Amino acid sequence: MSTLDARLLAAHREHDTAGLVTLYAEAARHSVDEDTRAFFLTHAHVFALECAHPQTASLRAALITMGREHPL
Amino acid sequence: MDTAPTDLSHVRQPIEAANGLPNAHYIDPALYTEERQAVLFDNWSGLATASDVPEIGDAVPITFLGMPLLVVRDRQNTVRVFQNICRHRGMILVEEPRKIEGAIRCPYHSWCYSTEGRLVSTPHVGGPGRNTHDGIDRALLGLIEVRSHIWMDVIWINVSGTALPFEQANADLLARWAEYDKPLYHGGADSRWRLDVNCNWKLAVENYCESYHLPWVHPGLNSYSRLEDHYHIEEAGKFSGQGTLVYRQLKDEAGSVFPDFDGLSDKWDTAAEYVTAYPNVLLGVHRDHTFAIILVPEGPEKTSEHVHLYYAAADTDAGLRARNTAQWKEVFEEDVFVVEGMQRGRHATGFDGGRFSPAMDGPTHMFHDWVAAQMQRHRGTTPLAAE
Numbered sequence: 005m006s007t008l009d010a011r012l013l014a015a016h017r018e019h020d021t022a023g024l025v026t027l028y029a030e031a032a033r034h035s036v037d038e039d040t041r042a043f044f045l046t047h048a049h050v051f052a053l054e055c056a057h058p059q060t061a062s063l064r065a066a067l068i069t070m071g072r073e074h075p076l
Numbered sequence: 012m013d014t015a016p017t018d019l020s021h022v023r024q025p026i027e028a029a030n031g032l033p034n035a036h037y038i039d040p041a042l043y044t045e046e047r048q049a050v051l052f053d054n055w056s057g058l059a060t061a062s063d064v065p066e067i068g069d070a071v072p073i074t075f076l077g078m079p080l081l082v083v084r085d086r087q088n089t090v091r092v093f094q095n096i097c098r099h100r101g102m103i104l105v106e107e108p109r110k111i112e113g114a115i116r117c118p119y120h121s122w123c124y125s126t127e128g129r130l131v132s133t134p135h136v137g138g139p140g141r142n143t144h145d146g147i148d149r150a151l152l153g154l155i156e157v158r159s160h161i162w163m164d165v166i167w168i169n170v171s172g173t174a175l176p177f178e179q180a181n182a183d184l185l186a187r188w189a190e191y192d193k194p195l196y197h198g199g200a201d202s203r204w205r206l207d208v209n210c211n212w213k214l215a216v217e218n219y220c221e222s223y224h225l226p227w228v229h230p231g232l233n234s235y236s237r238l239e240d241h242y243h244i245e246e247a248g249k250f251s252g253q254g255t256l257v258y259r260q261l262k263d264e265a266g267s268v269f270p271d272f273d274g275l276s277d278k279w280d281t282a283a284e285y286v287t288a289y290p291n292v293l294l295g296v297h298r299d300h301t302f303a304i305i306l307v308p309e310g311p312e313k314t315s316e317h318v319h320l321y322y323a324a325a326d327t328d329a330g331l332r333a334r335n336t337a338q339w340k341e342v343f344e345e346d347v348f349v350v351e352g353m354q355r356g357r358h359a360t361g362f363d364g365g366r367f368s369p370a371m372d373g374p375t376h377m378f379h380d381w382v383a384a385q386m387q388r389h390r391g392t393t394p395l396a397a398e
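Residue numbers (our numbering), protein chains in the order written: chain A, 5 to 76; chain B, 12 to 398.
So that you can see chain B by itself, here it is in the shape it has in the complex (with noise of 0.2 Å):
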């Protein structure tokens, strides 16, 4: 039986009216497999980092929403996405990082494929010894490659292929943030880590949106960043997110700092900012270092967060690096309880999506909005009136 669309038209309100998302848009298996088309895979989505695969020949399977996928740092020192499948009988072709010193070879059949996705052997597929054929034409069948583009050393994808260049979708944010358009040296195996957690991706992004709830979850700002010195960052249909007025850079004991960013305007001197880059990137940029984190959906229910810090030099210090990672380990810890939380709630049958605060829940209240459209679009049912 197929489930019935749920009702979008309470979400596309006005902040003061909207509800947002129904619960099945976080509990219901139909709408998460909806979901990873109408908004993960028709999109701009967050897979991975370049960092991921740092040197030439390095190979990392990563399956995201149940598609197995490749990324390899080709021989041209190009990063790739294919769809890590042999075009013959569909075998994964790669089950573990690692490097790959000459071709991709297939482990059922050996056809093999260099690491810019040419299929340049098919062993034995004329009979034994014979490893061509005219109905096999290599040309057409090489690996599909997933179009994907790198912007803060984050790997983004678009499956359908269907979405505007990123330079073109992200322009807004791109244009906003182009001081940060300098190289990220990732700050290695300590400043990278996984974050498991029981709740819609979704809920992650809606709560990274906004500084509402920052006094009472992240009682450690109030001392010196406190709510009104965080600001709203919104741009309907593309990004939402937070401001800090009064960013202060972690210091060791003998007073000594990260170094900056090359070339910043003096509002970074105390400012910093943190946004959703729509569907599931988090991003945050300060004076001297940024950070993503990438929002892998793992079920209806779960969701791992990949978390990458990264500074303006190849060397700092690895004490300070040590206490910027526990100091933001730290915070996405103490959201841990608030997403799970609402993820329960979302099981409670009276729940409508709740209310936004007109006041405090704009950047949260743009994203339901946002996905409610890439549903609509999806669903073709977009209003008359909007977009």
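So that you can see chain A by itself, here it is in the shape it has in the complex (with noise of 0.2 Å):
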């Protein structure tokens, strides 16, 4: 297992949705192709909106980018 989905697994169990924002987008920026991208982005944005986090805005505005979302 990589170090990050170890610390996405530590980040679940902690119940810590700030760690999530960070780590799934640490994710996103790894990722090799758009989909996969698309996918963690998804789960950085769904964290962000949950705990009213400071990237919120952002993320959705790079899953708006890639046709992947709809503005608020």
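Keep in mind the hints are simulated off the structure, nothing from the lab.
Since this is a predicted model, take the numbers as computed values, not measurements.
Each residue gets a CB set at the ideal place from its N, CA and C atoms; glycine is no exception.
Some clues are possibly wrong.
[Said to hold, decoys possible] Derived DEER-like restraints, expressed as beta-carbon distance ranges: (1) A:S35 with B:A41: 21 to 29 Å; (2) A:L13 with B:E106: 18 to 26 Å; (3) B:S171 with A:D37: 39 to 47 Å; (4) B:D148 with A:S35: 24 to 32 Å; (5) B:S171 with A:S62: 37 to 45 Å; (6) A:A61 with B:G101: 27 to 35 Å.
Got two chains here, each in a separate frame; can you build the complex from them with the hints?
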């Protein structure tokens, strides 16, 4: 298991919502294809919505640019 | 097999001839279900208090007559009531009281809702990483809001959506207590409690309505609030209860009292009133404090009573508050044996719903008549001469 996977699992276990935003965004950055990037950005965005993370708007904007989300 | 409708003709009689509601209305699960709609969902019922969600983002799940509801104070500081389910597969959204920091995220597929109820995210709904789909119109899939209104800090709900606006449905009580239309300060943790009673919720109303039982069940009142110091409050079809002409303020050893509400007329120097806002909220008003008791039916023969005390100022003496709480706890606990005793009595097959003292049971009879009227409306059997 990669260290990122391990850190993600730990963040899920600890209900570290802000941490999940950071880690899923990191996973998105390291993705090799568009679909995988969109998948991880989606998770980052959802957890950002949940905790009113400062990156919420920019994560949604990235998904909108990719054609994977609608504006609010 | 369908249950035959109960005969309410003996209930909808003048007080001197009337019987109370038949036993089935207190013990039969089928009647409990029927009343759930006819009496509680079709009218404005008390659910909780705005003080239960004091800060923006506060969310409290409440199961009311089996229906999962969610009380939320949204980002605009408005208290709302939603059905506590995701519009996707009906999953319960919030299991425990908590603060919603951002959006309400469903734990199942992470559909997200704003605190105003808008659906703001549907992750992977169009496939992995594809968060939209033409077949899913988010504008149509927001949280199901339940009509609500706040008065006396109580959150009133009309589940059916068919009741008149709250201000119209309760115009007479709002007018009667217009002087109390001012900020009410919840006393805090020491001024709220829950009492669970083994009785149908209606018996708690029926007992609260009348002063007839006071000398026997609350003998502590006899020295200063005699039966003859009490008066009936009766507004047919709307509310009923009792008043006292000899309210005495609680004092501590130094003679200190709670501050009065501003601008009250002289009547309230020594008067206090206790009214049931039909169907399920017991209210009391005094010059220096008010209370609300929300009766939550937990089953045909079980009720939880949620008591809240309010004051005229945000800061009041903690010692006095503790004494006021203790005093009211004692009074309400004195009523437990009579409401539970009446409940057990509803299993006596020969009981015909009982009779009413024409002089002393007017407010109680009025409540029975109102409940019967709601049932007849629901059944489509309202007598031609009534209403």
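TODO: Take the C-beta atom of B:S171 and the C-beta atom of A:D37, compute their distance, and say whether it sits inside 39 to 47 Å.
DONE: Given range 39 to 47 Å: violated, Cβ gap about 52 Å.
TODO: Can you let me know if the beta-carbon spacing of A:L13 and B:E106 is within 18 to 26 Å?
DONE: The hinted range 18 to 26 Å holds for A:L13 and B:E106, with Cβ atoms some 23 Å apart.
Task: B:G101 and A:A61 - C-beta distance against the hinted 27 to 35 Å - done: holds, 30 Å
Open item on the list: 21 to 29 Å was suggested as the range; check whether the CB atoms of A:S35 and B:A41 agree with it.
Closed with: violated, 58 Å
Open item on the list: Range first: 24 to 32 Å. Now tell me if the beta carbons of B:D148 and A:S35 are that far apart.
Closed with: Given about 30 Å between the Cβ atoms, the range holds.
Task: Range agreement (Cβ of A:S62 with Cβ of B:S171, hint 37 to 45 Å) - done: holds, 44 Å
In summary, the structure is inconsistent with hints 1 and 3 from the numbered list given earlier, while agreeing with the others.
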